[in-house]
Amino acid sequence: MNEVLKLHYDVDGENFTSAGDASVNVKKKLRQMGFSPDVIRRVSIAMYEGEINMVIHACGGEVDVFIYPEEIDIILADKGPGIADVELAMKEGYSTAPDNIRSLGFGAGMGLPNMKRYSDEMKIESKVGAGTKITMKVKVAGE
Amino acid sequence: MKISEIQQLLNADIICGGDFLDRDVYSACGSDMMSDVLAYVKDQGVLLTGLVNPQVVRTAEMMDMRCIVFVRNKLPNEEMVKLAEDNAMVLMATSKRMYEACGKLYCAGLVGKATAKSGAGNE
Ligand SMILES: Nc1ncnc2c1ncn2[C@@H]1O[C@H](COP(=O)(O)OP(=O)(O)OP(=O)(O)O)[C@@H](O)[C@H]1O
Ligand SMILES: [Mg+2]
Chain P
1 MNEVLKLHYD VDGENFTSAG DASVNVKKKL RQMGFSPDVI RRVSIAMYEG EINMVIHACG
61 GEVDVFIYPE EIDIILADKG PGIADVELAM KEGYSTAPDN IRSLGFGAGM GLPNMKRYSD
121 EMKIESKVGA GTKITMKVKV AGE
Chain F
1001 MKISEIQQLL NADIICGGDF LDRDVYSACG SDMMSDVLAY VKDQGVLLTG LVNPQVVRTA
1061 EMMDMRCIVF VRNKLPNEEM VKLAEDNAMV LMATSKRMYE ACGKLYCAGL VGKATAKSGA
1121 GNE
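Residue numbers (our numbering), protein chains in the order written: chain P, 1 to 143; chain F, 1001 to 1123.
Straight line, CA to CA, 25 Å or less: simulated BS3-like cross-link-like pairs of lysine-lysine:
1) P:K116 with F:K1113
2) P:K28 with F:K1042
3) P:K28 with F:K1082
4) P:K139 with P:K116
5) P:K29 with F:K1042
6) F:K1096 with F:K1113
7) P:K91 with F:K1042
Taking beta-carbon pairs under 10 Å as the criterion, some of the chain F residues facing chain P (in silico):
8) D1032
9) M1034
10) S1035
11) D1036
12) A1039
13) Q1055
14) V1056
15) R1058
16) E1061
17) M1063
18) D1064
19) E1079
20) D1086
21) N1087
Simulated restraints, written as ranges between beta carbons of each label pair:
22) F:K1074 with P:R31: 27 to 33 Å
23) P:T96 with F:G1018: 40 to 46 Å
24) P:G93 with F:K1074: 24 to 30 Å
25) P:R117 with F:R1072: 30 to 36 Å
26) P:K28 with F:K1074: 23 to 29 Å
27) P:G129 with F:I1014: 47 to 53 Å
Read the hints as simulated data drawn from the structure, not as lab findings. The beta carbon of each residue, even a glycine, is placed where N, CA and C say it ideally should be.
Produce the entire structure from the sequences given, and follow the hints as far as they go.
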């Protein structure tokens, strides 16, 4: 795989208002590069869910995006509280989000399942007290 | 349905994106929960919501929605308007409540479920 474009973003955990900026930026880049609307949408939604999670559950973190002609890799890494039971967290409807997050329109427990749905591969590495790393791959071909 | 028709049906004020009122939209969804919009929406071009924060505009942008209708006289702040303008999105506000606003549009033919040809599909 050649022609890699690598993008890096710091996600500010203090600022709910700016959450999602990185995803909006990646979406613009992919559009400029001429990826199909389907690929762009899958990458955007998966990354946006991950970015929001970073802000509401993990005090921010870092996102790296690797763009290859045939696949887009998104790596979200944070030093937040970690996820004790990943299998449980992956269940639709499971959420530990407090009421103030719900009043902002999030916290239905749909984010992680949605990230899995829109990516072709997803891996969660998490350690309680140390942080969480989520790797997602969205394949360009074979839709 | 043209976006201009939505404005008329809801007697709504256009906040930004006035240049895009003759765009066509085929379906809509109403929700104050962005998590659900991200999880359940598929090709709906219009979002009706009573929630006001920048994530509403970003969520709509991620879902390729073209128009947001704020119900119950909610008004977006400057930052939200700027975000919408950057993404060529129409924002409008109506005094109607969610149920009535959705009902009016639905009766006029704007359905809830996207048809296969109304936009890019997923999966
Ligand atoms: N980066 C993270 N660090 C720590 N915990 C996380 C992280 N991401 C998710 N979680 C945990 O997993 C749960 C489920 O996440 P998920 O994204 O599915 O739902 P949510 O964020 O609570 O709500 P929604 O995504 O629907 O707005 C969260 O409530 C939280 O407990
Ligand atoms: Mg989430």
